[in-house]
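Chains as they are written, first to last, in our numbering: chain S, 1 to 374; chain X, 1 to 270.
Source of the hints: derived by calculation from the structure; they are not laboratory data. From the three backbone atoms N, C-alpha and C, an ideal C-beta is built for every residue, glycine too. Hints are supplied without guarantee of correctness; some may be wrong.
[Said to hold, decoys possible] Listed below are several chain X residues computed to face chain S (Cβ distance under 7 Å; list not exhaustive): (1) N109; (2) E110; (3) Q122; (4) F129; (5) G137.
[As the list claims (entries may be wrong)] Using 25 Å as the maximum straight-line C-alpha spacing, the simulated PhoX-like pairs for lysine-lysine come out as follows: (6) S/K224 <-> S/K129; (7) S/K224 <-> X/K157; (8) S/K224 <-> X/K163.
[Unchecked claim] The following residues of chain S were derived to be distant from chain X, with all beta-carbon distances above 10 Å: (9) G21; (10) W192; (11) I208.
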Amino acid sequence: MSDESATNRTGEGLVSGLPLGALNRYKVPIGSVLLVILLRPLVSMEFLLGYGSVANTILIWMLFAASFNLLLGYTGLLSFGHAMFLGIGAYVTAIGLSRFSSSFVLSAVVALALAGVAAYLIGRITVQKGEIYFAMLTLAFGTTAHFIANYNPAGLTGGTTGIAGGAVPAWIETERGLKYVNLGGFQFDWYWLVAAAVLVGLVVLWQIVRSPFGRTLIAIRENKELARAMGINTYRYKVWAFTLSGVVAAYAGTILEINEQGATLSLLTVETSGDVILMTVLGGANYFFGPVAGAFVWLFAEDYLTDFEMLVLPLKEVPIVSLELAGVLAYWQFFLGLLFVIAVLIAPREGIWGLLRDSIETLYDRLRTGEEDV
Amino acid sequence: MSETDTSTTERTDTGDAQTAALGSTGLTKRFGGIVAVDDVDLAVPEGELRAIIGPNGAGKTTLFNVLTHALAPTDGTVYLHGEEITDLSQEQRPHRGLARSFQSNQLFNELSVLENVRVVVQTIESGPFSFDLLGEGRSQHREQALDILDSVGLTDKREVTAKNLSHGDQRRLGIAMALATDPSVLLLDEPTSGLGTNETGLVTDLIESVHQDLGLTLLLIEHDMDIVLSISDRVTVLDQGRVLATGTPDEVRGDEEVQEAYLGGMREEL
Numbered sequence: 001m002s003d004e005s006a007t008n009r010t011g012e013g014l015v016s017g018l019p020l021g022a023l024n025r026y027k028v029p030i031g032s033v034l035l036v037i038l039l040r041p042l043v044s045m046e047f048l049l050g051y052g053s054v055a056n057t058i059l060i061w062m063l064f065a066a067s068f069n070l071l072l073g074y075t076g077l078l079s080f081g082h083a084m085f086l087g088i089g090a091y092v093t094a095i096g097l098s099r100f101s102s103s104f105v106l107s108a109v110v111a112l113a114l115a116g117v118a119a120y121l122i123g124r125i126t127v128q129k130g131e132i133y134f135a136m137l138t139l140a141f142g143t144t145a146h147f148i149a150n151y152n153p154a155g156l157t158g159g160t161t162g163i164a165g166g167a168v169p170a171w172i173e174t175e176r177g178l179k180y181v182n183l184g185g186f187q188f189d190w191y192w193l194v195a196a197a198v199l200v201g202l203v204v205l206w207q208i209v210r211s212p213f214g215r216t217l218i219a220i221r222e223n224k225e226l227a228r229a230m231g232i233n234t235y236r237y238k239v240w241a242f243t244l245s246g247v248v249a250a251y252a253g254t255i256l257e258i259n260e261q262g263a264t265l266s267l268l269t270v271e272t273s274g275d276v277i278l279m280t281v282l283g284g285a286n287y288f289f290g291p292v293a294g295a296f297v298w299l300f301a302e303d304y305l306t307d308f309e310m311l312v313l314p315l316k317e318v319p320i321v322s323l324e325l326a327g328v329l330a331y332w333q334f335f336l337g338l339l340f341v342i343a344v345l346i347a348p349r350e351g352i353w354g355l356l357r358d359s360i361e362t363l364y365d366r367l368r369t370g371e372e373d374v
Numbered sequence: 001m002s003e004t005d006t007s008t009t010e011r012t013d014t015g016d017a018q019t020a021a022l023g024s025t026g027l028t029k030r031f032g033g034i035v036a037v038d039d040v041d042l043a044v045p046e047g048e049l050r051a052i053i054g055p056n057g058a059g060k061t062t063l064f065n066v067l068t069h070a071l072a073p074t075d076g077t078v079y080l081h082g083e084e085i086t087d088l089s090q091e092q093r094p095h096r097g098l099a100r101s102f103q104s105n106q107l108f109n110e111l112s113v114l115e116n117v118r119v120v121v122q123t124i125e126s127g128p129f130s131f132d133l134l135g136e137g138r139s140q141h142r143e144q145a146l147d148i149l150d151s152v153g154l155t156d157k158r159e160v161t162a163k164n165l166s167h168g169d170q171r172r173l174g175i176a177m178a179l180a181t182d183p184s185v186l187l188l189d190e191p192t193s194g195l196g197t198n199e200t201g202l203v204t205d206l207i208e209s210v211h212q213d214l215g216l217t218l219l220l221i222e223h224d225m226d227i228v229l230s231i232s233d234r235v236t237v238l239d240q241g242r243v244l245a246t247g248t249p250d251e252v253r254g255d256e257e258v259q260e261a262y263l264g265g266m267r268e269e270l
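Looking at chain S on its own, in the form it has when it is part of the complex (with noise of 0.2 Å):
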């Protein structure tokens, strides 16, 4: 590799020519890698959850919230409407599919599109404001998304129901409620095409943080004043990474629309907005895999322990049980809260990735020194 030398001039190029050099710096897609192909057997294990359709919604979330940390994490800017992206992506694909009877491909095409259009212009007039300015008017342009959806302009967007029929490509099948791509006459599971999508989400955003672009973006998220003393345009460089997050959002929400058969409005409340927030913030929001683990950990608790409560449910009628277990996990959402605030009180901007990094070096640290003692 030409740039060897530059690399070994520095600490960091220690061990760059061992293949360790490259697994380090390509660590990123190798992780998303491993994780779309792991991710559902590891869910659909017994004494996990047993069966692994929720991995689909979970790979989508990630990206999602993924897509968020460019903003949160990588840039310094906290949104309280990036559920208006992701609901653009499902929309704009439902409404292409469903009422102009036009391909899968076309209406992304036009969501992506129209997504980076409309993050341009919000975020044109936004990302120079306060903090706080900034969040209340992200804030107030997801609610308008939100009111739009529901007002259902021209039968449109269909109103509080959403869009729920005839938004499924042609090339999909549903089985049992199982579904599979049929595509040039392969046929396999609905999940691949899921990972393999994500994946490119998740390598698109690692190249984009680690790009020139990128790392101009963590300089003005460390210090605003000094970027702009140093030459640093901040105000581009702050729109076009809301743009850039609102698109991959977009393209979140279009494979989500097909995951979920359609749009519904849910996907464009506060809640939303506010959900990908907190896994990002839970995950770690210094890490490129901080929102993916904190999407997983939402996700998953989420319906672990719901399936938790139906399992013990039962005991609800056994007497001697009535600590009511079951009652108390159903309250999934008080403990992630709790494991949120947690978090926050002790590393704000680690979250469950930073400290899961921090005791594998620990330990790592311990074993090296162990073995040195031999």
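Model the placement of chain X on the given structure of chain S, informed by the hints.
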């Protein structure tokens, strides 16, 4: 003091603001009723090391902020190498060769020393905004950044997170980042404040070498009179936002009005 002070040769810059490396005419900054910078005429010729001194609250840092457009001036004109840049935005100025360092340590705290400098080199190479989404940012412009770190003596600490540096190293990193913009005119805001004797010596040496080896025009806000008197070519004294005197260190030292402005604290130093 009345506005109709008789201006002697010492009161104003002798040169022409429009032919100087950095100049201003009638530069004024008001915050409500407070005039922080009051009708300042500057003309710092190419290659000069100009010290800006004055009591606390004299408007020294505000003057830097107005010269770099961190704050828009209320009135007046700013010239850089004869070109009027009054309305040029702050982020454009480093690309024209006007750079500054900060009084408090302003750094990209969570980034490594190398990355702090590298991002600045990248910015200067690619402009105020560059939609460059390809390649790996961290591997670009490394060599230039390493050379700059070498020149300020921070090579060994290139992988240290900026916030973990000692105070003196942070000051040097601040100067390194300003140098990374490849400036022709450099504004340094109290580069030695809060430093011990050793570190002050290192930073002073650095400033002198930058001035002499690179031939930069330097404006230096400095409290330490020993440094001011030993390294500056000329001194501008500010008081209550106004230029009280400009001259060689010796001329300024002998100026009665300057001594008056400094009254207690600084008098014995002068």
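Here's how the hints hold up against the structure:
{"no.": "1", "hint": "N109", "in the structure": "holds, 6 Å"}
{"no.": "2", "hint": "E110", "in the structure": "holds, 6 Å"}
{"no.": "3", "hint": "Q122", "in the structure": "holds, 6 Å"}
{"no.": "4", "hint": "F129", "in the structure": "holds, 4 Å"}
{"no.": "5", "hint": "G137", "in the structure": "holds, 3 Å"}
{"no.": "6", "hint": "S/K224 <-> S/K129", "in the structure": "holds, 13 Å"}
{"no.": "7", "hint": "S/K224 <-> X/K157", "in the structure": "holds, 24 Å"}
{"no.": "8", "hint": "S/K224 <-> X/K163", "in the structure": "holds, 16 Å"}
{"no.": "9", "hint": "G21", "in the structure": "holds, 12 Å"}
{"no.": "10", "hint": "W192", "in the structure": "holds, 27 Å"}
{"no.": "11", "hint": "I208", "in the structure": "violated, 6 Å"}
Going through the hint list in order, the structure does not satisfy hint 11, though it satisfies all others.
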